[in-house]
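Respectively, the protein sequence lines represent chains R and W.
If you read the first sequence in the numbering used here, its first letter stands for residue 1, the second for the next number, and so on.
If you read the second sequence in the numbering used here, its first letter stands for residue 321, the second for the next number, and so on.
No lab work stands behind these hints: they were computed from the structure.
Quick reminder that beta carbons are idealized off the backbone N, C-alpha and C, glycines included.
Honestly, I wouldn't trust all of these hints.
[As the list claims (entries may be wrong)] What the simulated footprint calls covered on chain R by chain W, stretch by stretch (three residues with Cβ under 8 Å from a Cβ of chain W suffice, anywhere in the stretch; the number is not a length): (1) 67-80; (2) 90-100; (3) 104-114.
[What the hints assert, rightly or not] Derived Cβ-Cβ restraints for the label pairs, each shown as a range: (4) W:Ala-493 to R:Arg-22: 36 to 42 Å; (5) R:Asp-199 to W:Arg-570: 18 to 24 Å; (6) W:Ile-565 to R:Thr-30: 20 to 26 Å; (7) R:Ser-14 to W:Arg-569: 23 to 29 Å; (8) W:Glu-489 to R:Thr-127: 26 to 32 Å.
[What the hints assert, rightly or not] Chain W regions said to be covered by chain R (calculated; three or more residues, Cβ under 8 Å): (9) 332-339; (10) 405-411; (11) 417-427.
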Amino acid sequence: MTQPAIVATGLRKSYGPVQAVRGIDLEVRTGEVFALLGPNGAGKTTIVEILEGYRQRDAGDVHVLGHDPARHDRALRERVGIVLQSTSLSQYLTVEETIEQYRGYYAHPRPVGEILDVVGLAEQRDTRANRLSGGQQRRLDVAVGLAGDPELLFLDEPTTGFDPAARRNAWELITNLKALGKTVLLTTHYMDEAEHLADRVAIVVHGEIVAQGAPRDLAKGEHAAVVRFALPQSAPALPQALAGAPSANGLVQIETEQPTRLLHQLTSWAVEHQLDLESLTVSRASLEETYLRLTRDAERQAAEVAPPEAGSRRRRGRRR
Amino acid sequence: MNDALLVVRQVRYENRWFWRNPPAAFFTFVFPLIFLVLFNVIFGNNEIEVPGGTTNESTFYVPAIAALSVVTACYTNIAMTLCYTRDDGVLKRIRGTPLPIWAYVTARVLHAVLVGMLLVVIVVAFGRAFYDVTIPSNTMAAFVITVIVGSAAFSMLGLAVTTVIPNAEAAPAIVNFTILPLFFISDVFINLEDPPAWLDTLANVFPVVHFSKAMQTAFNPFESGAGFEPAHLAVIAAWGVAAFIVAIRRFSWEPRT
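Chain R with its partners taken away, still in its complex shape (with noise of 0.2 Å):
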């Protein structure tokens, strides 16, 4: 088993009286991708900065492919990749004019050809970086973070703000990246996301991580399967072994473990009855419920042990 990508140990972080990251523990392995989830201001992008070097960090253990990143290494930044969350890229020069820029930087840079495939901007590579679409400008920032051919790349939210076809088109881009042996440490707040790229998850909520695991396994903390539907207004009311909660958008919604025999009670006693259940649907467990339940939870005690401002106090300026 080759060495983890990175470990970190009791990694903590203040912004002045503000408690940043308490106390973390993290493990990436080589060649997965690991994603953060939080809600903003959790604290993911401090994580991720001290992991990149661009932080100290005020306690803690962190190695980054076996340095320590507050170094500042020159010889750990050749094998580091890192995207930021903000577009930072001349306007004026082509793409590949960008690429090359930034391959100069690097002793063992690579191919711009192959940089191009990867993040699928071949077509584009005489194209100025202020005539790309919003997308495409995003994908241009993989591709210098691709520019020296790290073994290890940081994503800070890749696609927010992202139409659905250039999501997925981002996607296609991280799942090859893995196909090239890459690790990938990511920063989401899309759920699908983390739940479609990511081998293991870790929930970070204030300044903490609440869970940490594969999708699938955090999902299966939860019940197997939601089935949700409409319940007519003439209908009697529901038997014992049918009793749901009511849903926010007036659907009643029965979580259970055994979803075909709940199923089969349900239009059972609906045919009986001579009853159509609208809008029915049966849903599996997804990342989304743990991760409401756990943002949740953690919001609630957070505000029980804490006055309320401080509760809902932000961290200071993300992109500080």
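Here the structure of chain R is known, so what remains is to put chain W in place on it, guided by the hints.
Coordinates of chain W only, in the frame set by chain R:
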């Protein structure tokens, strides 16, 4: 990789970047010429006294505007572009690559100095072509060295001032506030023949007047010696060294607010 090579390559990138925005590049070069033409239209035929004889204001304005060119190309330009690249996250991105941030900043400075020198050549050539200004040969070495010392010092000042500029929106206001008044009281825009003593004292605290005076001496057609102004050059250099120390100690790759 060889750091010197990285810097040279980065200067080339800077150069490409500079010319890819033609309106910005164009006005960088036209701006000093506009001043040269305007001041000559307004004051050009006045006779002025210079050490050793009398000449007309054109002979004053060519070195004055050459000094202005160096100050704007180095001080103003470095301060502004660095604030913008800092706000845009370019510095942050560079910091994540193996390119040392000092190599990036050095390349930016070298490029600014090259632009400043090119401007000086253009201004002098323009003066020679349209205002019959003589280019003194015995002081040429002094002229070149004064330009080099000035470029270096004003580049360092450009770096240093970014440490008190909170963000790019504030950059033009702060940079202009620090430099425009000095152009008026430092024999750049106007040849002050008999300024109030306090104004003279105030101007002498700052490096601009020393730079413009050193440039005047190196451009004086009646100058019989080498045209060096060691005292003025020392003040400029001192400002440059102080600015360098501030820039090294307080430089930031991210916006201050």
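Verification of the hints:
no.: 1; hint: 67-80; verdict: holds (count 4)
no.: 2; hint: 90-100; verdict: holds (count 4)
no.: 3; hint: 104-114; verdict: holds (count 4)
no.: 4; hint: W:Ala-493 to R:Arg-22: 36 to 42 Å; verdict: 40 Å, holds
no.: 5; hint: R:Asp-199 to W:Arg-570: 18 to 24 Å; verdict: 43 Å, violated
no.: 6; hint: W:Ile-565 to R:Thr-30: 20 to 26 Å; verdict: 44 Å, violated
no.: 7; hint: R:Ser-14 to W:Arg-569: 23 to 29 Å; verdict: 24 Å, holds
no.: 8; hint: W:Glu-489 to R:Thr-127: 26 to 32 Å; verdict: 29 Å, holds
no.: 9; hint: 332-339; verdict: holds (count 3)
no.: 10; hint: 405-411; verdict: holds (count 3)
no.: 11; hint: 417-427; verdict: holds (count 4)
Checked against the numbered hints given earlier, the structure breaks hints 5, 6 and satisfies all the rest.
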